[in-house]
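Colleague: Go ahead and model the full structure; you've got the sequences and the hints to work with.
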Amino acid sequence: MFTLPDFQRLRDIISACTAPEVERALAGPHPGISTLAALLSPAAAPYLPQMAVAAAGITAMRFGRTTQIYAPIYIHNFCHNHCLYCGFSADNRIERCLLTIDQAAAEAEILHQRGFNHILLVSGEAPGKMGVEYLEELAQRLRQRFAAISIEVQPLATDEYVRLFRAGITGVAVYQETYDRAVYGAMHPAGRKRDFDFRLETPARVARAGMREVGIGALLGLSDWRAEGLALGLHLAWLRKNFWRTALTVSFPRLRPAAGGFEPLTLVSERDLSQLIFALRIFDPDAGIVLSTREEARFRDGMVGLGPTRYSAGSCTAPGGYSHPHTEGEQFSIGDQRTIDQVCSAIRRKGYDPVRKDWDPSFQLAD
Amino acid sequence: MLTIAGHAFRSRLLLGTGKFSSAGILKQAIEASGCEMITVALRRVDLDDPADDIMGVLDRKKYIFLPNTSGARDAAEAVRLARLARAAGAGEWLKLEVTPDPRTLLPDPVETLYAAEELVKEGFKVLPYINADPILALKLQDAGVAAVMPLGAPIGTNLGLQTRLQVEIIIEQARVPVVVDAGLGAPSHAAEAMEIGADAVLVNTAISVAGDPVRMARAFARAVIAGREAFEAGLGPRSKQAEASSPLTGLDFLKE
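Read top to bottom, the protein sequences are chains X and V. Reminder that position 102 of the first sequence reads as 102 in the numbering used here, one-by-one numbering, no gaps. Reminder that position 47 of the second sequence reads as 47 in the numbering used here, one-by-one numbering, no gaps.
What the hints contain is simulated information worked out from the structure, not anything from laboratory work. Since the structure is predicted, the reported quantities are computational estimates derived from the model, not experimental observations. Do not take every clue at face value.
[Claimed, not checked] For each label pair, taking beta carbons as the anchor points, the in silico distance ranges come out as:
hint, chain 1, residue 1, chain 2, residue 2, range
1, X, R114, V, G91, 28 to 36 Å
2, X, R114, V, L235, 54 to 62 Å
3, X, H112, V, T104, 29 to 37 Å
4, V, T104, X, D197, 24 to 32 Å
5, V, D59, X, R349, 24 to 32 Å
6, X, H112, V, L235, 51 to 59 Å
7, X, S333, V, D101, 37 to 45 Å
8, V, E92, X, G351, 32 to 40 Å
9, V, A5, X, R192, 55 to 63 Å
10, V, D101, X, T3, 21 to 29 Å
11, X, D102, V, M1, 53 to 61 Å
12, X, I110, V, E31, 33 to 41 Å
13, X, D6, V, G91, 57 to 65 Å
14, V, G6, X, T3, 53 to 61 Å
Quick reminder that beta carbons are idealized off the backbone N, C-alpha and C, glycines included.
Modeller: As structure tokens, this is what we get:
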């Protein structure tokens with residue numbers, strides 16, 4: 001069981017880091033958790049250029065001059081949770097819909113024709129509306145068409161993840177939102193998501209089920225981003241020790257404008273986000289780092305090669321939004337509105353290859 | 001001339017195709033390297049799509065196509081992927097990679113052996129990627145693989161021939177060609193592997209992430225030639241003490 005230290009304790013550790021510790025962290029050969037604390041600290045802020053160089057070198061070594069491309073498909077926007085920051089919150093009066101399997105497959109087909117091979121199925125958390133059977137059926141329908149299918153839905157039980165793996169799902173993303181227990185409690189006043197520990201243990205259940213990949217992350221704008229980064233690093237390191245066969249990715253989504261009009265509790269600048277990404281890259285050279293369309297094109301283009309290894313593109317966060325472009329009921333408004341071709345061109349201009357296929361369903365699907 | 005599974009190669013440099021910034025740079029690097037065998041991750045390519053970037057630059061008439069099973073976590077997955085690849089027209093050659101740890105990508109010796117035994121029976125020309133384990137190399141050789149591919153250092157590290165002693169033992173014992181794979185980060189590393197008698201080397205990261213991949217490919221090609229020539233010429237012995245190249249005194253006073 002992963003034990004998360006007290007959040008305030010993490011903040012204290014970080015704030016005590018000094019410039020010499022940052023310099024040692026940048027010079028040292030073996031990244032460790034103290035390295036991460038130093039690189040996340042205010043003392044590291046003046047070293048951002050050096051951190052960028054180190055992160056870029058590591059990224060090139062471990063991932064080459066390539067970046068994976070994927071797109072999300074929003075399956076439904078029903079939600080029994082009351083997360084104060086989320087457009088899908090049960091409290092918000094938005095148009096709700098659940099795609100039928102045929103409608104979801106039609107959305108997928110549009111993405112396939114646009115050149116996507118990796119997709120992420122996303123939904124609100126409403127098990128009564130969409131359970132494992134639905135995902136199983138959809139995965140079986142899509143798996144011959146796509147190289148990799150991941151999900152970002154309500155946390156499930158281990159045996160449910162086993163079923164989904166067998167159906168062709170390759171990875172699961174489940175973000176903790178915030179590792180700050182107090183803020184988590186305040187942000188999730190009702191619904192199953194109130195259970196902090198059930199959510200925290202989800203990545204382990206996913207890995208235990210044999211999934212190829214687990215994505216974890218923190219939603220930036222709810223608590224101290226530096227301590228979120230350290231907590232995420234600890235979680236990542238624990239998963240590495242306990243599930244060495246599982247590939248790990250991290251994501252740092254910043255809060256975006258959404259229905260409900262929630263204002264972030266803390267501001268996280270692009271400079272802060274960059275420091276977080278560079279620090280995590282130096283700490284864990286092999287973690288996939290996702291940079292989604294929440295961020296603006298200018299920032300995403302600038303970050304190519306400096307740490308992130310996976311970009312979403314051409315995203316729509318409303319269910320059915322690819323088939324019907326003016327659909328309402330989105331989770332949040334995106335920051336990078338470009339098409340997949342425009343994103344790929346920008347990546348190529350930076351001297352990187354936008355990789356659309358980096359998996360094969362043949363690995364996990366028996367004849 | 002290097003011969004693997006009855007096929008003769010002029011070049012002793014094999015190239016990996018991952019991590020390049022574009023298919024165009026990859027094509028130029030392949031040409032500059034002079035290599036004749038190219039490995040491609042099956043998970044990266046769409047064998048059914050003629051417009052696939054990597055397959056597009058790979059002239060199957062000119063190069064031996066060595067698909068690899070990177071991403072397979074066990075023998076069953078590697079075997080399944082190999083069969084599907086062959087059914088899709090990928091041919092008989094196969095670089096067997098069974099790497100259950102996605103972080104280090106170190107090969108699983110037990111599953112690699114199981115997979116090799118099965119694939120050899122099914123008629124594949126199997127080149128297994130292995131840790132530099134001499135006993136495993138012998139077992140794979142007995143199983144009928146076409147070559148063994150011990151690592152010099154973990155994939156993508158560019159640390160050079162960290163496993164030199166083990167690789168030397170493998171070379172000494174091997175009946176099949178020994179191709180040093182993974183970790184060679186500089187032309188000098190490749191030359192070192194060739195100097196100790198490796199039959200060939202496989203390089204990817206060091207070329208793909210170089211400032212100028214095409215020139216680096218050429219540099220590796222030359223280093224491999226130089227290393228092989230040094231091996232064939234016979235390296236002089238090493239000594240901790242200085243020795244004059246023309247000894248002033250000899251044993252010529254001995255009549256018999």
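Colleague: Looking back at the hints listed earlier, which ones does the structure fail to meet?
Modeller: none
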